[in-house]
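Knowing the structure of chain A, use the given hints to seat chains B, C and D with the ligands on it.
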Amino acid sequence: MKALVTVTLKTGVLDPQGAAIANALRTLGFDTVRGARQGKIIELDLTEDNPVKAERDVERMAETLLANGVIEDFTIEILD
Amino acid sequence: MKALVTVTLKTGVLDPQGAAIANALRTLGFDTVRGARQGKIIELDLTEDNPVKAERDVERMAETLLANGVIEDFTIEILD
Amino acid sequence: MAPMQDTESVPRRAAPVEPEVNQALAAEHGLKPEEYARILELLDRPPSFTELGIFSAMWNEHCSYKSSKKWLRTLPTTGPQVICGPGENAGVVDIGDGLAVVFKMESHNHPSFIEPYQGAATGVGGILRDVFTMGARPIAALNALSFGAPDHPRTRALLSGVVAGIGGYGNAFGVPTVGGELRFHPAYNGNCLVNAMAVGLARADAIFYSAASGIGRPVVYLGAKTGRDGVGGATMASAEFGEDAEEKRPTVQVGDPFTEKRLLEACLELMASGAVVSIQDMGAAGLTCSAVEMGDKGTLGVALDLDAVPCREDAMTAYEMMLSESQERMLMVLRPEKEAEARAIFDKWDLDFAVVGETIAEDRFLVRHGGDIKADLPLAALSGTAPEYDRPHAPSPPPAPLGPLPEISPGAALRRLLASPSFGSRAWVWEQYDNTVMADTVTGPGSDAAVVRVHGTEKALALTADVTPRYCAADPETGGAQAVAEAYRNLCATGARPLAVTDNLNFGNPERPEIMGQFVGCIRGIGRACSALDMPVVSGNVSLYNETEGRAILPTPTIGAVGLLEHLDNRIPLAPGPGEALVLLGATTGHLGQSALLWELDARAEGPAPPVDLAVERATGEALRAAAGQGLVSAAHDLSDGGLAIAAAEMALAAGHGLSLEAEPAMDPLAWFFGEDQARYLLASRDAPALLSFLSTRGLTARLLGETGGPCLRLGIETIPLAELSEIHRNALPRLMAEPTTN
Amino acid sequence: MRTGVIVFPGSNCDRDMAVALHQATGIAPAMVWHKDTSLPPLDLVAIPGGFSFGDYLRCGAIAAHAPIMEAVRAHAARGGLVLGICNGWQVLIEAGLLPGALMRNAGLKFVCRTVHLKVLNTQSPFTHTCAPESLLSVPVAHHDGCFVAEDALLDRLEGEGRVAFRYVAANGHPAPDANPNGSMRDIAGILSENARVLGMMPHPERMADPALGGSDGARVFESLVAAMQDS
Ligand SMILES: Nc1ncnc2c1ncn2[C@@H]1O[C@H](COP(=O)(O)OP(=O)(O)O)[C@@H](O)[C@H]1O
Ligand SMILES: [Mg+2]
Chain A
1330 MKALVTVTLK
1340 TGVLDPQGAA
1350 IANALRTLGF
1360 DTVRGARQGK
1370 IIELDLTEDN
1380 PVKAERDVER
1390 MAETLLANGV
1400 IEDFTIEILD
Chain B
1330 MKALVTVTLK
1340 TGVLDPQGAA
1350 IANALRTLGF
1360 DTVRGARQGK
1370 IIELDLTEDN
1380 PVKAERDVER
1390 MAETLLANGV
1400 IEDFTIEILD
Chain C
-18 MAPMQDTESV
-8 PRRAAPVEPE
2 VNQALAAEHG
12 LKPEEYARIL
22 ELLDRPPSFT
32 ELGIFSAMWN
42 EHCSYKSSKK
52 WLRTLPTTGP
62 QVICGPGENA
72 GVVDIGDGLA
82 VVFKMESHNH
92 PSFIEPYQGA
102 ATGVGGILRD
112 VFTMGARPIA
122 ALNALSFGAP
132 DHPRTRALLS
142 GVVAGIGGYG
152 NAFGVPTVGG
162 ELRFHPAYNG
172 NCLVNAMAVG
182 LARADAIFYS
192 AASGIGRPVV
202 YLGAKTGRDG
212 VGGATMASAE
222 FGEDAEEKRP
232 TVQVGDPFTE
242 KRLLEACLEL
252 MASGAVVSIQ
262 DMGAAGLTCS
272 AVEMGDKGTL
282 GVALDLDAVP
292 CREDAMTAYE
302 MMLSESQERM
312 LMVLRPEKEA
322 EARAIFDKWD
332 LDFAVVGETI
342 AEDRFLVRHG
352 GDIKADLPLA
362 ALSGTAPEYD
372 RPHAPSPPPA
382 PLGPLPEISP
392 GAALRRLLAS
402 PSFGSRAWVW
412 EQYDNTVMAD
422 TVTGPGSDAA
432 VVRVHGTEKA
442 LALTADVTPR
452 YCAADPETGG
462 AQAVAEAYRN
472 LCATGARPLA
482 VTDNLNFGNP
492 ERPEIMGQFV
502 GCIRGIGRAC
512 SALDMPVVSG
522 NVSLYNETEG
532 RAILPTPTIG
542 AVGLLEHLDN
552 RIPLAPGPGE
562 ALVLLGATTG
572 HLGQSALLWE
582 LDARAEGPAP
592 PVDLAVERAT
602 GEALRAAAGQ
612 GLVSAAHDLS
622 DGGLAIAAAE
632 MALAAGHGLS
642 LEAEPAMDPL
652 AWFFGEDQAR
662 YLLASRDAPA
672 LLSFLSTRGL
682 TARLLGETGG
692 PCLRLGIETI
702 PLAELSEIHR
712 NALPRLMAEP
722 TTN
Chain D
20 MRTGVIVFPG
30 SNCDRDMAVA
40 LHQATGIAPA
50 MVWHKDTSLP
60 PLDLVAIPGG
70 FSFGDYLRCG
80 AIAAHAPIME
90 AVRAHAARGG
100 LVLGICNGWQ
110 VLIEAGLLPG
120 ALMRNAGLKF
130 VCRTVHLKVL
140 NTQSPFTHTC
150 APESLLSVPV
160 AHHDGCFVAE
170 DALLDRLEGE
180 GRVAFRYVAA
190 NGHPAPDANP
200 NGSMRDIAGI
210 LSENARVLGM
220 MPHPERMADP
230 ALGGSDGARV
240 FESLVAAMQD
250 S
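Protein chains in written order, with this note's numbering: chain A, 1330 to 1409; chain B, 1330 to 1409; chain C, -18 to 724; chain D, 20 to 250.
Calculated from the structure, these hints are not laboratory results. Beta carbons are placed, not taken as given, at the ideal position from N, Cα and C, and that holds for glycine. Keep in mind that a hint or two might mislead.
What the hints assert, rightly or not - A few chain B residues that face chain A, going by a derived Cβ cut-off under 7 angstroms, partial list only:
| id | residue |
| --- | --- |
| 1 | L1354 |
| 2 | F1359 |
| 3 | R1363 |
| 4 | G1364 |
| 5 | A1365 |
| 6 | R1366 |
| 7 | Q1367 |
| 8 | G1368 |
| 9 | I1370 |
| 10 | I1371 |
| 11 | E1372 |
| 12 | L1373 |
| 13 | D1374 |
| 14 | L1375 |
| 15 | T1376 |
| 16 | M1390 |
Chain A with its partners taken away, still in its complex shape (with noise of 0.2 angstroms):
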């Protein structure tokens, strides 16, 4: 079973690289960019099969290891 972990920037919390990206878009050129916020993707591929237990076991893995509460929040989605 598969899932996928979506890491933002809390908004409010400056994001100098998604910041660079709307300027190098507008810069080529691309000047329908108002904004961009970068974040990361995480895919686990889990042996657990059963979609509750997963979405339990990898909240659990964002809350402790994969992001930072104090300047990211996370989505959770289960792919299977």
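Relative to the frame of chain A, chains B, C and D with the ligands by itself:
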């Protein structure tokens, strides 16, 4: 209009990040973790409100800047 | 997304059917008809698919040196200081007190052009591995980079990717990157050069070699798992680019400095434990080259069982495993009784450890996979009968005659040069490299040679990498000699005694006589200079086929050189204090042929390269060391391209105060200040009369030139505020790199 | 003074730290492997720079969960001294021993150069031999040294004298290009509430030997030794 660009490593390309994450999760006792892959997700805020045009623009942005075609693939999702 | 990469047990699906082996398939593997014929004769049967792959890897230019061997043999490679010359993973030189310096330079040109970050990163990883495979802990890294014209569409993306990749790998590994070279020239538009050098320290009595010994000993695979990375990469590195360069892209490998760092520590622990009989890193054409090299050097056979090879991907075939260039892997022959101990060390560092074969008595390279025999070849013949060519070579055409000098004042010309990417400050590059980790960096980047202390001693090593491709193009032999002479000069300028060199020979397609002529000429020059300056060649690397659609790079034989400071107190700084006398050591004729002045100001490569008098070069360098030994020299800078004006500006910028230099009434000011005559140094002294008389007793040309101090740089009648020069110099590269780059 | 250096597989300043501590204390520090679960009796635990576990996810995130970290937390809870330099500071933050976050440098590039630090807190065990407002010049070498926190926390850190060092220009005044990574309020290092835990981005251990062009970094280690003697 917003667009999500998900950038992931091509099949078969070594992913040290993913490997390190999987190992760490297993040492933390999450022994259902078979493996992990890490990617980037870029959220773009666009002035463009024609989804077709937006998709075309974002496609070009991904090719020229957001993804490295040599080792990465990307997918695009246009939101609202 | 892609399948997982660190799955523990890989289910083996049915391997795909192997293509039929014939002339055409051999050609696709880069084997010439006569080379394929040689294989048929050797085996007197057609090779299997895996065997064909093995031959193509062993016989390509990169591994076999078939075009260059004949000429490499002519290089001087011995001397009392040499512990191990060319032929091993890196050269080894004695530095006294039971210590040895281990170093080599290697190119990663093609991969870096295709994927700059990963190409450069894995290049650094490869050369670090070459050094610690010998039992040495890497203590410094350098890199010599050549890119196309600054305004070429790809140049900036290549530069930023390559620099980030070198830093990304070296910084994480934990080796200080202390020096190198950066040049721009349109000849590199289609082929950038990334030459990485690594320097390590080892106990002189604890060097490890690749020659296997003992029969029935375990052949052990260590480090990262094997994937399909770079399958066909060695072939790619020896192929001229065509329009299809894009198709070659998926073979690019990704580096993992964290695994390399663990591999380093694990290998050094393993070596200390006495378990290691012989060791060889898996570089180009990984398992194939390393296994064959270990067997061949030990005149033994090797039997491999690929079922034991740790794999990262599903259903890998024997062909793929034998040609994979996955990084961060090692092959070792171990003492059987130490196997458990060895395994424990690799468990401690969480690295793969697998017995994948054994040494055998017969001259045989036997590869088994899934119960089948995939290859059964005469091992010695694999490298022994590798083709060797004496390619036709033609002399280079003489350069265009020297035209009129530009209409410009020395001060204005200096501003133009310092504002150019070629002479602007390199801080933009080396601030991305950790140059102080290991806490032994005495002189980091931005000086003549870098100076790195030998840990725990008062000794230090001086390190530099140099070449002036413009000279090599105008006159290969002079250019080759000049590259060695300039490296020698950079070492002497720090007070170090030059020890030995490594060379990285980058050229175009050797099947073209004019290119082969450049190669032969440069080697002749390098050989002469290394003998005359007593700097034997102890290691190196050849990179050919650096051309795109028939346009070759400039001949670029990068010389990496190492010198020894017996005591840190002998170090000569670059920056003088205020109120000191300036002395010009060496004779000035105002040679402007092939000069930076002509090239940077009006893109003219005219006139002969500056002549190199090796006897004078050596006498001058030795005199400088002797004078410094007597406390007569307070600062020194070597003169190279850009001549006196550039050297003076660099010295002033380092000092943070001005210099005044007199013009030579009898000479055109441009020739005086920008001439590129060799064997010259700009010295500062607190006792000029004593210095001058000391030098004249040695029969050397030297003259009082001016003094140090004040807020300006004065060139004859022109004065330029140092603040202005500093501003121009500092901003040259940042200005070029300000705009974002695409991929 | 008994010191120890935690060694993660990707640490690469562990030897530099050990040399500086040995020099200052006259006793070779204990090198403690990350897989150990207990510390020998120590006055100071040092967490060195490097790339502890490759730091591909978040710098220090994986190291913060290493077996040895429980013992390090206990040591800190007992009021033991803890010094985290560069990656070491990142680990201490991820381990919750210091507040805030360290993010990618504002310039997005790895940066290695010599910076000037103003010593703001000259009472702490790490800095009490420094004259008030004195300047230290030491190297930085990092990719993720931009200190980020909410204003409330920043105010508190400043109010409680827990900002140990600030990036300044050579003249001692703040300047945009004096801050190598965009850290909020030019913060280069912070202290725990009891001032027994210090995290800093710059590398004093690389500038603790005159042969390398300066010994400003030695102040930190001398302070520690002195602190132990009068305690
Ligand atoms: N230009 C050269 N001058 C001297 N020695 C060289 C040169 N090129 C290669 N060598 C030596 O030939 C051997 C094989 O080179 P190479 O294949 O690059 O080593 P590796 O397989 O360790 O990368 C090495 O010992 C290298 O030092
Ligand atoms: Mg090698």
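Against the structure, the hints:
1. Residue-level restraint check for L1354 (chain B) holds (minimum Cβ-Cβ distance to chain A is 6 angstroms; threshold 7 angstroms).
2. At about 6 angstroms, the closest approach between the beta carbon of F1359 (chain B) and any beta carbon in chain A falls short of 7 angstroms, and the interface hint on this residue holds.
3. Using the Cβ-Cβ criterion of 7 angstroms, the hint placing R1363 (chain B) at the interface with chain A is satisfied: the shortest such distance is roughly 4 angstroms.
4. With a cut of 7 angstroms, the hint placing G1364 (chain B) at the interface with chain A holds, because the nearest CB-to-CB distance is about 5 angstroms.
5. The criterion of a C-beta within 7 angstroms of any C-beta in chain A is met by A1365 (chain B), whose closest approach is roughly 5 angstroms, and the hint holds.
6. Given the 7 angstroms rule on beta carbons, the hint for R1366 (chain B) holds: about 5 angstroms separates it from the nearest Cβ of chain A.
7. Checking Q1367 (chain B) against chain A by beta carbon gives a least distance of about 5 angstroms; that is within 7 angstroms, so the hint holds.
8. For G1368 (chain B), the interface hint holds, the least distance from its beta-carbon to any beta-carbon of chain A being 5 angstroms, beneath 7 angstroms.
9. Using the Cβ-Cβ criterion of 7 angstroms, the hint placing I1370 (chain B) at the interface with chain A is satisfied: the shortest such distance is roughly 5 angstroms.
10. With a least beta-carbon distance of about 5 angstroms to chain A, the hint placing I1371 (chain B) at the interface is held under the 7 angstroms criterion.
11. Taking 7 angstroms as the C-beta contact cut-off toward chain A, the hint placing E1372 (chain B) at the interface holds, the least distance being around 5 angstroms.
12. A cut of 7 angstroms between beta carbons decides the hint on L1373 (chain B): the least distance to chain A is about 5 angstroms, and the hint holds.
13. For the restraint placing D1374 (chain B) at the interface with chain A, the shortest Cβ-Cβ distance is roughly 4 angstroms, inside the 7 angstroms limit, so the hint holds.
14. Of the supplied interface hints, the one on L1375 (chain B) holds, with its beta-carbon coming within about 5 angstroms of a beta-carbon of chain A, less than 7 angstroms.
15. For the restraint placing T1376 (chain B) at the interface with chain A, the shortest Cβ-Cβ distance is roughly 5 angstroms, inside the 7 angstroms limit, so the hint holds.
16. Residue-level restraint check for M1390 (chain B) holds (minimum Cβ-Cβ distance to chain A is 6 angstroms; threshold 7 angstroms).
Comparing the model with each earlier hint shows no violations; every hint is respected.
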